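Two independent chains are provided; combine them into the complex using the hints.
Listed below, chain by chain, are the residues.
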Amino acid sequence: MNKNKVRMQNGITYAIVVGCWILVQIMDKTGHMTSLLRGILVPLCMYSILAISLNLTVGILGELSLGHAGFMCVGAFSGAFLTKCLENLLPNLQLRFFLAILIGAAVAGICGILIGIPVLRLKGDYLAIVTLAFGEIIKNLINVMYIGLDKSGFHFSIKDTMSLGMDETGVVIIKGAQGITGTPKASTFLIAVVLLLITLFIVLNLIHSRTGRAIMSIRDNRIAAESIGINITKYKLMAFSISAALAGVAGVLYAHNLSTLAATPKNFGYNMSIMILVFVVLGGLGNIRGSMIAAVVLTLLPELLRGLNDYRMLIYAVVLIVMMLFNSSPRAIELRSVLLERFRRKKEPAAKEAA
Amino acid sequence: MRKFVGLGLAAVLAASLTACGGGNAATSTTAAPAAGNDTTTEAAAENGNEETTASAEGGAFKIGVIGPLTGPAAAYGIAVQNGVDLAVKEINEAGGVNGAMLEMNSQDDEHDPEKSVNAYNTLKDWNMQMLVGAVTSKPCIAVAAESSNDNLFQITPSGSAVECAAPENVFRVCFADPAQGTASAKYIGENKLATKIAIIYDSSTEYSSGIREAFVAEAANEGLEIVADEAFTADTNTDFSVQLDKAKNAGAELVFLPIYYQEASVILKQASDKEFAPVFFGVDGMDGILSVKNFDTSLAEGVMLLTPFSATEEGSKAFTDAYVSAYGIEPNQFAADAYDAVYAIKAAAVQAGISPDMDASSICDAMKAAMTEISIDGLTGDGMTWDAAGETGKAPKAVKIVNGVYEMQ
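Heads up: the sequence lines are chains A and B, in that order.
If you count the first sequence from 1, position 166 lands on 1048 in this note's numbering, and the numbers rise without skipping.
If you count the second sequence from 1, position 240 lands on 243 in this note's numbering, and the numbers rise without skipping.
Next up, chain B with everything else stripped away, as it sits in the complex (with noise of 0.2 Å):
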């Protein structure tokens, strides 16, 4: 009997590995691209533009996508698919780049390094030539091991750990983690907010660790002093009464909060409750504050937050207004974040002037240099410049919620 299973099993095994083999035609058919942008090319064939149909035929920039659409990071990853669905829709409706269509396949990674690598080799097999990803840290680490291998174009759009970028064929649009502590550090010590600081990290994110190592770092060179330095992990983000008691017993002016809003929310609540009244300062973590879940957007005002991105923005109207009528949610700095870097895409294959039949190493190529010649201007800041290292060049911008929007300051 169990042989017989065994025996079976084996024989399933062995169908599974030869499908698998077999599958290149089956696995660009269901990879086909959104069906979005297939009435996109249609409508520009319809216009009579001929060559834009006639190089659409010919072959276009396939651009892999690679995030995590389910689990408990999805929100980030759903956001960058959009973002970067409604640049590749824009683009193509305005005439493609150097006349060729963009073609956009998202594959899902869970937040987790192995399923990332399994999902950028799936795109592999369909053929891509440009990847947007990945959406987290380690993931993103584990798959610029992989494209700097291949030597094939990738640009993360919130990868902010040091070493996501660390390849010189791996560009970023978001800040490193590091430099956005920095950036707070200096704008507090410049700005005059406070001089004693009290900080509430979470341990177990290299994103809030990082962040934090550099603000303490920086802290010193602006005369700041760090009262309370507080630390919590992921199994304990639901009560930080311990942590708040410290920070108000040394007498701290300002928390600094490089953490994520969901737990941000939990330690407004808390502060109020105490009625310990600082100023909170965040980074990009923070925003997404004012959409949580029965959350008293009240305890919010005067929060202040330095983030790349604010949908309440003058300039980034027409893209909320067209974000919101596609996907029906507000657009959070993720998708801008992915929004950009299409249109950096865009911007570097123009300058390059790379056409769609060139295989996916030379286009690497002639884009590592064309990325470094470029300024966009974007969502998450204008004039945005790129060095050979993949680091971006661009002003942080800190807001404060005033009356449950942002404002600029």
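Chain A on its own, in the form it takes in the complex (with noise of 0.2 Å):
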């Protein structure tokens, strides 16, 4: 691809957010925004924002990983401990905010360099399990700790609440399996969108840049990648741990999003990894737009499905078949581009005619 076509294609990308942006706007200041689409703009982002970022691993970096909710349930406490620890500190939400997001990456970056030392060195199978397993220890390390804060300092157990021997002034700020609960809700939707576009645009720079293609190579051909002098675990960990990081930005939004945040199996395990990955896999591998737009019609569908009550769970598991089943089975491709080539067919004509 040349160097203007790749610019017309991520401009594209980020013409969809900021026209989904201008559509939301103009919903909302002509009446026609229903309550459900507002508030489920912002987890609508943070699935983006978590589909791109699991991409960056999986479909740029070729690596299975099972873990991503793992770095989203770090990013998600360390954020909203934070936000909670400055309350009186920090009046200022926004701030606050700001401050828990960058702290949310930072933390989630760091434990991405740490997982993957040890782990990258595995491949395929190997690794998808390991990291499956690091997002469940994550979620059950999250599950025991107790965290208190009173004059004197900080306090830590993992036994309960009263094992933290706080004075009266105390608060328990991570309550074992009940977790941090009141953290004030700060997540909008334009923060939201903002971060989706640095989402976007730190993702995008990242694959057609040197070090792009570096990683890239990786995952066609490791050998070959080594043998012309490629620096293969330093590749390798600079995109696990920016995809770790990107995951913790979600993750804190998803905090100050509930005013209730508890890691469990539905939210931070490995159903939410997987479900990452259904976004990755029917986007297309290292489709940066696809996966964007997977994650919100996957996360809409259950919602618009309410109608149906019960059947809503079925018809939303036949609707994810039957997409997956036309973005990749080879018939549907066939099928796709023979419409494809008849739709051409038919312009052509009336285009010759009119010139």
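Simulated from the structure, these hints should not be mistaken for lab results.
Warning: the hint list may mix true and false statements.
Stretches of chain A that chain B covers, calculated by requiring three or more beta carbons in the stretch to come under 8 Å of a beta carbon on chain B [as the list claims (entries may be wrong)]:
1) 1039-1047
2) 1057-1066
3) 1134-1145
Source: prediction; values computed, not measured.
Glycine residues also receive a C-beta, built at the ideal position from the N, C-alpha and C atoms.
See the structure below:
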């Protein structure tokens, strides 16, 4: 692909995001906005960020990671922990939230490096299973953690709140399985869209840079890449930790969108990791725009199907299968190209006539 | 090719967004009240009660219900849905509230806070005026934050975590977790059931660990000695031999089980295998132990539990019969809590004199004040009252399982 084409493709991706934002603003102003849609805007951006960041590991680096929700969990808890701790010191919520995003990204990124060093020696299925285990470890660690704050500083325990031994000014911040309660609702659609654009900017620029080409060469042929002097460990770690840091940002958004944060199997377990992987696979490995759109469609779908009551989960699964088939079965691809060919042929004579 | 697919998906996205935006009318049609509701409204009209008909046409109170209707916690959500449905039908048949009918719409939250907020927003699009829910604690906390923002009246039948009722627009029918722990310790101490206590609890749920913490704190005041304090998690809830051995070796006379009945049934089975026979004492999560499949109910003989509701009790007979004939299963305490929640709404609505044409926020203001002034005799307690903090004042009932049925103590 030449440079102009890349630029145009990236431009379209940004334009879709900005276009959606403008569309939402128009709908808001003209009163076409439902409460459901308004409430789901931030999660849509959050899942898009998650899908894009996982695509960096799975699609670009070519390593299957099943622990993405673990990084999200780290980001969510470190971010929410910060906003709760600084509640009195820093009354400005926006500023605290900004700091929380930075901290969430940093902590998740560091975790990514720490996990990456031993894990990235593995390949394929082994790597997938170790990342899966890592995600579960994070979740379980957070579930036994009790952290309290009083005037003498932080108290830590892995037993219960009573063993924290705090004085009367003490506040329990992380309360084991109950997690963090009362995180302020700081995530707004604007912030979420800006974060999504930043994520896109980071990932798209990385892919089309020298570094990105090095990372993709590792994916395509590790031995060849090594033989031309590419530092495999460095580039692998880089892609993995950037992906983790971006997942951390999504985690901070998640934590500040709901007033309660607990590490349950549902939100930070492997179910979630696989859900994100589904977004990536449906959108196309290595296709950033695709994973974004898949995340949005698959998050909206169960909500739009609410009218079908209990059948919606069934329909959701059927639609998922159909979409997967349409997107990647050889027959469907053939059919699509035939249809596209016909569509083009019809257009061409028309264009010639016009000329 | 890729571009084409991408654009196609973008078109789908745009279409779904607009479909969502223009879907106001569609939402309200799909969310029409249960068929049963319609028939009761018609029945009232046939009775010739013109006032009721007129006000029913003028509008009905729209009551939203949020709970897990699918997934592992579905039993609780469905029970609440049925409980609300039954109460709404009864009230409508008896002429409604202030002459207006009640209309109900229940939404699934899959026991997930995020989905719960989506369910709440869906109900808002339906123009909900009052909310019964959410059923489980974490989703309830998330929804309470939203409803307090909107100033919408909320009463949770079973959200027992302390924070569930923290906003001032939220009331609850059940006890808060710590209240159950404290009440259990007090009951054991006052009735001198035992002095050496072992606890087996689930550290991965806030319900269990919350009750346990309050129990331990109160046990010290009652002169109870905790000889074993053993935890398990959702991942290790199939084998309790280690915990039971520790309790047995420590000479526990009573084992306190602030857990749900599925796990309790395993514990009872394993304890009988070990010939360990202390008094087992549970809380409201133990309610349902007699309905566990493949469980030898003779093992539950002598188990004591604090529960607000018993299906076999004299006072709840009419409710149980109506419930069984309508839904084909025995009601549990979640259904009873939900039933009481609707009657509390009715009592408070009468007290406040609200009408369906008021907006949700002014209904909430009126209801908040009225809730503290009412007293109702419900299934889960006589003379239930509420304070401004949203907590209910009712005495817990202790029951003992004798010959396979609950016997009031």
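Consistency of the hints with the structure:
Chain B is given as covering the region 1039-1047 of chain A, and this holds because 3 residues of the stretch bring a CB closer than 8 Å to a CB of that chain, at least three being needed. A count of 6 residues in the region 1057-1066 of chain A with a Cβ less than 8 Å from any Cβ of chain B is obtained; the coverage claim is therefore met, three being the minimum. Residue count for the region 1134-1145 of chain A with a Cβ under 8 Å from a Cβ of chain B: 6. That meets the three needed, and the coverage hint holds.
In summary, the structure agrees with every hint in the numbered list given earlier.
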